[in-house]
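**Student:** Note that the protein sequences, when read in sequence, are chains A and B.
At position 171 of the first sequence (counting the first as 1) the number is 171 in my numbering, and the numbers step up by one without a gap.
At position 132 of the second sequence (counting the first as 1) the number is 348 in my numbering, and the numbers step up by one without a gap.
Be aware that a few hints might be false.
[To be verified] Which chain B residues stay away from chain A? Per the calculated CB distances, all over 12 Å, these:
| no. | residue |
| --- | --- |
| 1 | V234 |
| 2 | D285 |
| 3 | R298 |
| 4 | G401 |
| 5 | H414 |
| 6 | H428 |
| 7 | E449 |
| 8 | H454 |
[Stated by the list, open to error] The list that follows gives simulated cross-link-like pairs (lysine-lysine, DSBU-like), each with its CA atoms no further than 30 Å apart:
| no. | chain 1 | residue 1 | chain 2 | residue 2 |
| --- | --- | --- | --- | --- |
| 9 | B | K343 | A | K212 |
| 10 | B | K343 | B | K357 |
| 11 | B | K461 | A | K123 |
| 12 | A | K123 | B | K226 |
| 13 | B | K357 | B | K382 |
| 14 | A | K135 | B | K363 |
| 15 | B | K357 | A | K123 |
| 16 | B | K226 | B | K236 |
| 17 | B | K287 | A | K123 |
| 18 | A | K123 | A | K158 |
| 19 | B | K236 | B | K433 |
| 20 | B | K287 | B | K461 |
| 21 | A | K211 | B | K357 |
| 22 | B | K236 | B | K461 |
| 23 | B | K357 | A | K135 |
| 24 | A | K211 | A | K158 |
[Claimed, not checked] Quick look at which bits of chain A chain B covers, simulated, 3 or more residues with Cβ under 8 Å:
| no. | segment |
| --- | --- |
| 25 | 108-118 |
| 26 | 123-135 |
Just so you know, the hints here were simulated from the structure itself, not pulled from any lab data.
Built from N, CA and C at the ideal position, the CB exists for glycine as well.
One letter stands for each residue in the lines below.
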Amino acid sequence: MFGKVTLSLLGGFGTTLELFALTLLFALPLGLLICFGSMSRLKVLSRIINLIIWAIRGTPLLLQLLVIYYGPGIITNNRIGFTNNTRFLAALIAFVINYACYFAVIYRGGIQSVPVGQREAGKVLGLNNSQIFRKIILLQVIKNIVPPISNEIITLVKDTSLARVIAVYEVIWAGETFIKHGGLIWPLFYTGVFYLVFTALLTWIFNKIEKKLSYF
Amino acid sequence: MALLEVTNLKKDFGNTKVLKDISFSLEEGETLSMIGSSGGGKTTLLRCLNFLEKPTGGRITVNGEVLFDGKDTRRYSDEEIRQKRLHFGLVFQNFNLFPQYTALENVMLAPSLSAKSTGEDPGAIRKRAEELLDRMGLSEKMDFYPKQLSGGQSQRVAIARALALKPDILCFDEPTSALDPELTGEVLRVIEGLAREHTTMIIVTHEMKFAHDVADKVIFLDNGYILEAGTPEEVFEHPKEERTKRFLAGYER
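Please put together the full structure from these sequences, using the hints given.
**Tutor:** Next up, the structure:
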């Protein structure tokens with residue numbers, strides 16, 4: 001039985017990991033674009049972007065999942081919409097948008113917390129803007145954002161379970177089937193172990209990175 | 217001809233006129249002390265010279281080359297401004313060392329980046345950086361990161377970093393204001409050393425004895441105008457203006 005449960009949970013966890021990894025892959029760079037947009041000198045652009053950030057961060061991810069999954073079908077009378085086969089894509093889009101907005105705010109904080117004097121010191125030393133960013137600002141921003149980003153990423157591991165609301169088969173769902181079909185509760189705790197092990201791994205990695213950057 | 221000539225320089229921030237009509241000149245090898253109350257425009261003047269602020273009007277020339285002319289309406293590219301800036305070096309009040317680089321790397325960074333165009337050999341850049349830090353009395357601290365340095369050591373690294381680019385004129389913006397009193401001496405001694413070697417310098421400072429001793433020329437800046445200018449003896453011992461006398465009296469104990 002243990003082997004059977006393990007296999008089943010691994011299947012579900014595969015989806016969990018896939019959603020996690022793809023969300024990071026797209027949300028980390030998209031967040032940077034949104035960050036630049038929100039800091040743009042073009043008032044119209046920065047207003048719109050900040051409004052979007054506010055809406056996404058101000059409403060539950062669960063709600064966003066439902067809206068993205070059902071929204072297109074309802075609006076277009078089912079000409080365009082998500083189907084059984086594309087529900088994972090719907091979940092991914094919702095997660096990417098949601099997390100990109102959170103990352104954008106973290107990036108912005110990281111950039112703004114580098115003292116103005118660093119940029120000015122670069123200028124008076126005759127560095128051009130790209131050199132100032134690459135050689136002076138960037139590493140300081142990375143150091144600033146590693147702790148909040150790692151928090152956010154660990155939250156993402158657990159948030160992936162929300163995808164089941166639009167019937168994306170992930171690890172908790174896999175565990176829950178054993179309650180429904182066999183009256184077993186322990187597989188549910190077993191899913192918890194999957195999360196714990198994975199977040200432990202991530203925590204270890206982030207600690208390594210933080211240590212690496214602690215020399216300055 | 218003077219090395220630096222500043223003529224009728226003006227700077228407004230919105231409706232606030234910070235520099236109203238600044239004219240002075242500086243010969244090569246001279247040290248100029250700039251004194252005056254906070255908010256008088258001293259820092260803004262240094263920032264204008266270093267192109268961190270764009271003046272509203274007036275003229276700045278170095279070695280006869282016009283770096284800024286308020287009548288010139290052409291917009292300069294970042295690259296042109298970068299070139300103009302290189303005539304000046306600036307030492308900040310709070311050092312602004314780059315925390316991720318060691319003392320030596322801080323000094324080497326700018327020359328190394330410009331080596332692509334100057335063709336300077338990396339070994340020569342390193343050697344000069346080491347010599348500069350050695351002159352600052354920091355040969356033991358070259359591989360230390362800024363967070364491992366005291367304020368006085370940090371400021372001396374910052375001075376070496378500014379010197380590494382061989383600016384025509386080195387500017388200091390209250391170089392000891394952020395330091396504990398017992399650390400100001402080591403920085404002031406370094407600057408005095410530079411003055412003896414005839415480095416052309418403009419020093420904004422609240423250390424009146426130092427301003428008096430180090431300078432060839434003193435300017436008293438008040439409310440956006442140069443109220444008094446002359447040799448240290450003229451300005452400190454025989455000020456003509458009531459305002460200067462009151463300002464200096466504030467420093468006497």
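**Student:** Indicate, hint by hint, whether the structure satisfies it.
**Tutor:** How the hints compare with the structure:
1. V234: 17 Å, holds
2. D285: The claim stands: D285 (chain B) keeps its Cβ more than 12 Å from every Cβ of chain A (closest is about 21 Å).
3. R298: 5 Å, violated
4. G401: Non-interface label stands for G401 (chain B): nearest chain A Cβ at 24 Å, farther than 12 Å.
5. H414: The claim stands: H414 (chain B) keeps its Cβ more than 12 Å from every Cβ of chain A (closest is about 22 Å).
6. H428: Holds, because the least Cβ-Cβ distance between H428 (chain B) and chain A comes to about 27 Å, which exceeds 12 Å.
7. E449: 32 Å, holds
8. H454: 36 Å, holds
9. B:K343 with A:K212: It holds: about 29 Å lies between the C-alpha atoms, which stays within 30 Å.
10. B:K343 with B:K357: Holds: K343 (chain B) and K357 (chain B) sit about 15 Å apart, inside 30 Å.
11. B:K461 with A:K123: 38 Å, violated
12. A:K123 with B:K226: Holds, because 22 Å separates the two Cα atoms, which is no more than 30 Å.
13. B:K357 with B:K382: This hinted pair holds, its Cα atoms lying about 22 Å apart.
14. A:K135 with B:K363: 18 Å, holds
15. B:K357 with A:K123: 25 Å, holds
16. B:K226 with B:K236: Roughly 5 Å between the alpha carbons, so the hint for K226 (chain B) and K236 (chain B) holds.
17. B:K287 with A:K123: 25 Å, holds
18. A:K123 with A:K158: 44 Å, violated
19. B:K236 with B:K433: Satisfied, since the Cα-Cα distance of roughly 21 Å is no more than 30 Å.
20. B:K287 with B:K461: Distance ~36 Å between K287 (chain B) and K461 (chain B) Cα, so the pair is violated.
21. A:K211 with B:K357: Status holds; Cα separation ~23 Å.
22. B:K236 with B:K461: Since the Cα atoms of K236 (chain B) and K461 (chain B) sit roughly 22 Å apart, the hinted pair holds (cutoff 30 Å).
23. B:K357 with A:K135: This hinted pair holds, its Cα atoms lying about 22 Å apart.
24. A:K211 with A:K158: 25 Å, holds
25. 108-118: holds (count 3)
26. 123-135: The restraint on the segment 123-135 of chain A holds, since 9 of its residues have a Cβ under 8 Å from chain B and three suffice.
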